[in-house]
Every structure is written in C-alpha cells, then in structure tokens.
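Under my numbering, the first residue of the sequence shown carries the number 13, and numbering increases by one thereafter.
It is possible that part of the hints are untrue.
If you anchor each label on the Cβ, the simulated ranges turn out as follows [claimed, not checked]: (1) L186 x T221: 17 to 25 Å; (2) Y158 x A69: 47 to 55 Å; (3) S60 x P187: 31 to 39 Å; (4) I208 x D123: 15 to 23 Å; (5) S180 x V108: 51 to 59 Å; (6) G45 x F110: 31 to 39 Å; (7) I103 x P44: 38 to 46 Å; (8) A69 x F110: 19 to 27 Å; (9) F110 x A179: 18 to 26 Å; (10) G219 x N98: 51 to 59 Å; (11) A69 x V163: 39 to 47 Å; (12) D200 x D153: 23 to 31 Å; (13) P178 x I70: 19 to 27 Å.
Derived by calculation from the structure, the hints in this document are not laboratory data. We put the beta carbon where it would ideally sit given N, CA and C, even for glycine.
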Amino acid sequence: MKWLAIPVVSAIALALAGCTQQELRGYLPGEPGITNHTDRITGLWVTSWIVLLGVGAITWGLLIWAMVVYRRRKGQTGLPVQLRYNMPIEIFFTVVPFVLILGFFAFTARDQTIIEQRYENPDVTIGAFGKQWAWDFNYIDENVYYSGIQVQPDTTPGAAQGEIDPASIPTLYLPVGKTVEIQLDARDVIHSFWVIDFLYKKDMIPGKTNYMSFTPEREGTYKGKCAEL
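When you get a sec, could you build the whole thing from the sequences and use the hints?
The structure is reproduced here in structure tokens:
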C-alpha cells in the first residue's frame, strides 16, 4: 500500500491548493467586493469554468473509456462493426451543446444587463477622456478638471532605471459607497478604459460617448491602463 501514499498525498495537496482566494476567484485580479459588480463578474467567470471543466472531464473520460474498451486485441484483424445514423446519440450530441450555449448566453445577458444599467441620478459624474498618452478627468459635479500628461521617468537620486515618477501618473479619485457614472470619450484614437481590479473595461471611441456605472465598495489604490496598448 506504500505505493498509494505519493498519489494520495499529491491529490490532497492539489485539492487544498484549490482552496485559496486566488483559485476560488478563477485567477482573476483583485479581491472580492471592490465594486458592486466584481462579485457578479467573478461568479459568472467561475461558474462558466466549472461547467466547462465538467464537460471536458466527461468528454475525455468517454474518449479514454472508448480507447480502452474498444482497442484492438491481439490477434484481431479487420475493422470492428461500424455504427451509423444512431438517432438518439446524434440528437444527444446536438441538444447538449445547444443547451450549453443557450445557458451561457442567458446568464451572460442577465449579468451584462445589470452591469450596463446606468444610474438614474448618480452621486458622482465624471468625464474621462482618453488621449495619446494620458487621461483627462472632469469632475462634472464639482466643476474640477484634471489634465493628464504622459508619465515621466523618476529622476530623483537613487531611483531605479525605468521607474516611473508617481506624481506624473493620472489619478482618478472615487468615493466609497457612492454611485458613480463615468462618461468615456476619446480625443484622438480608440482607447480602452480599464481599471484592472474592477474586472471591467470599455472602449473610448472618438465621436461616441460610452458609460460605466458602478459603486466602489472597498477603499484602496487600483491600477488602470489603456487596454488598447
């Protein structure tokens, strides 16, 4: 029975490794509850992976079973009995993928509708403008405008080569617990406004205003970037 120890211990270690927050979130960035939408997005992502892994396990299991059970035995010649036009199997292979696609579409459409829903009277309205190579932020309610500049290298003594000067990074300030609407526009080319830990990004297209509506729920500093780069 000693030969069982290594695979059993390995299986237990693998199972326990899947209990960390990173694995439970499907390796998505950030933490739970950063905005009112992040948990919903994570749930859709993880549930989709669980379903797909189950389908993959069944598919591979059937393939391996067929290869083992119906393998060519010693002394056998010729082809085995060929099965064609098995209507129940063909219906099954048609219906199951259709049901899966319909399910993924329904749950995605449900969550997307909720996430894309604009607030009727948001507490905070901000205009964000993408440009080469920075962001401009217009705090519309307070009539405050911030014009971003391209990030600059840190020239202070002792700074590592290639390090960025934090003071040159465009910074967007959002209140926790307040409904926020960001109006997204572009000054030149197509940009993509992406706050990584929010698990949400949207294109900024010249001549077209897009919107992001959410409620920040956890205080912190979150990195943003243009996903078109």
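Hints and how they fare:
no., hint, result
1, L186 x T221: 17 to 25 Å, "holds, 19 Å"
2, Y158 x A69: 47 to 55 Å, "holds, 51 Å"
3, S60 x P187: 31 to 39 Å, "holds, 32 Å"
4, I208 x D123: 15 to 23 Å, "holds, 19 Å"
5, S180 x V108: 51 to 59 Å, "holds, 54 Å"
6, G45 x F110: 31 to 39 Å, "holds, 35 Å"
7, I103 x P44: 38 to 46 Å, "holds, 42 Å"
8, A69 x F110: 19 to 27 Å, "holds, 20 Å"
9, F110 x A179: 18 to 26 Å, "violated, 55 Å"
10, G219 x N98: 51 to 59 Å, "holds, 56 Å"
11, A69 x V163: 39 to 47 Å, "holds, 46 Å"
12, D200 x D153: 23 to 31 Å, "holds, 26 Å"
13, P178 x I70: 19 to 27 Å, "violated, 51 Å"
Hints 9, 13, counting from the list given before, are not met by this structure.
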